[in-house]
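K.L.:
First to last, the sequence lines map onto chains A and B.
For the record, in the first sequence the residue sitting at position 199 is 399 according to my numbering, with numbers rising by one throughout.
For the record, in the second sequence the residue sitting at position 185 is 1225 according to my numbering, with numbers rising by one throughout.
Think of the hints as simulated: they come from the structure by calculation, not from any bench.
Hints should not be assumed to be uniformly reliable.
Label-pair distances were calculated between CB atoms; the ranges are [as the list claims (entries may be wrong)]:
no.: 1; chain 1: B; residue 1: D1221; chain 2: A; residue 2: P292; range: 26 to 32 Å
no.: 2; chain 1: A; residue 1: Q357; chain 2: B; residue 2: G1088; range: 26 to 32 Å
no.: 3; chain 1: A; residue 1: T273; chain 2: B; residue 2: P1158; range: 46 to 52 Å
no.: 4; chain 1: B; residue 1: P1185; chain 2: A; residue 2: T236; range: 39 to 45 Å
All residues carry an ideal CB built from backbone N, CA and C; glycine is no exception.
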Amino acid sequence: MKARAALACTAAATAGALAALSIGRASDHLDGPRTTADPQADITDVFAFTSPEDPGKVVLAMALTPYASDASTFSGEVDYAFRVQLVDALQPLALGGVALDVVCDLGGGNGAAPTMTCKGPQGATGSAVVGETGSPPGGSIRVFAGLRSDPAFFDRQGALVTVQTGRTAFSGTNAFAGANVLAIVVELDSTLFAGDSGTRPVLAVAAETVRRGP
Amino acid sequence: MRARLLLLVLATCLGMLACKPPGTQQPVDVYVPLGDDAGGDANVQEAGLVLGPIDRDGHPLVTILLVPGALQDEYNAQSSFEPNVPRVLQDALEARLVALDTLALGDGGPDQVDWPIPDGGMHPLLPMFVSDVLLVDTSLSSTSPDGGFVSSYLDLEREILLSGPAHTTCGGRTPNEDVVDETLTLLITDGRQPVTQGVSGPTRTATTIFPYLADPN
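Next up, chain A with everything else stripped away, as it sits in the complex (with noise of 0.2 Å):
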């Protein structure tokens, strides 16, 4: 009885994580009741690479918003973090475990106009004017923040059907065609993280939003 109970339990449970997988979303948007009620603190997606036209700076990249529209905006009560930290050891992995964040609010602009400010290690700083693509000059921080073609390309519906039928069948249908998201883009020397030491680290990067409130 007990072994049976066991079975009816784990066979529940196999159907369950595979038909509650999320299949409307993707691939972080509408991740949960919070991030849904919340879509200017909804992130979809995160980049980080070297920056193709600067090989001493890393390009660090995130989407929000999920279907953002010209009306979409950010918060001016949320926190947009890069969460930073050097990687110190590749075998095993070790991380340095010393924040190294670049953490984006709206702020610091002396005009009407909303500007995205961007401050990261050793007081780098940098701003952009909301959808306008040239920071201020004099910024150690080049920052972009404002309405993208979303970068996610998913399909929704074939994910409904692998996950109901327990069987991979994708017909290639991207959800997102057409869609649009809110974007940070930040770039940086890529040795402001490395302290003293002048060369070009490996980092380990998430991306995360805190709302503060007013």
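Keeping the supplied structure of chain A fixed, place chain B upon it in accordance with the hints.
P.N.:
Chain B only, in chain A's frame:
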């Protein structure tokens, strides 16, 4: 109350799915959901928005594919660098990894197990998704000789966490790469057989010129 009981049962079942004998199953934390069942969350503002950590993202699809809906807020509220997340989250992630490993491919039967869990151990991919961060080597390029972005996703993770070859790109994640296919292939077949969603690329292709992500539609 009923919702909490249901979640507890589900969490217990998910824990069992991790192929551990019931007698040796570690205690599963009780998940206290937020929202309607919270019974007054001190962090909820008048407008209904919650203060504090809202979302986190490292590898794509982690929350969507690996975290049950009832636990997604809890998962998102963890620090991206925190390896010691609540046991219920680890068990839930591991259960999803186990389930996806044997997902049937096309008309075939359940796929073979590519990620066996060692006795007393954990799913080999679990650490990568609990502490969910991208690894990027800023000394290496993100572009190929033809000027486009290289496919760099998981290049460092394969070397460091999965005993793969030495990385040759910056790793991290560049735009335009089909990370869904790469994720499905990793989770279901470990590269033994490609798994594709059949979507060839984004609506607009990212460029190698700042701000890189393509103009809006």
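K.L.:
Hint by hint, where does the structure go against what was stated? Just the numbers, ascending.
P.N.:
Going through the list in order, the structure violates no hint and respects every one.
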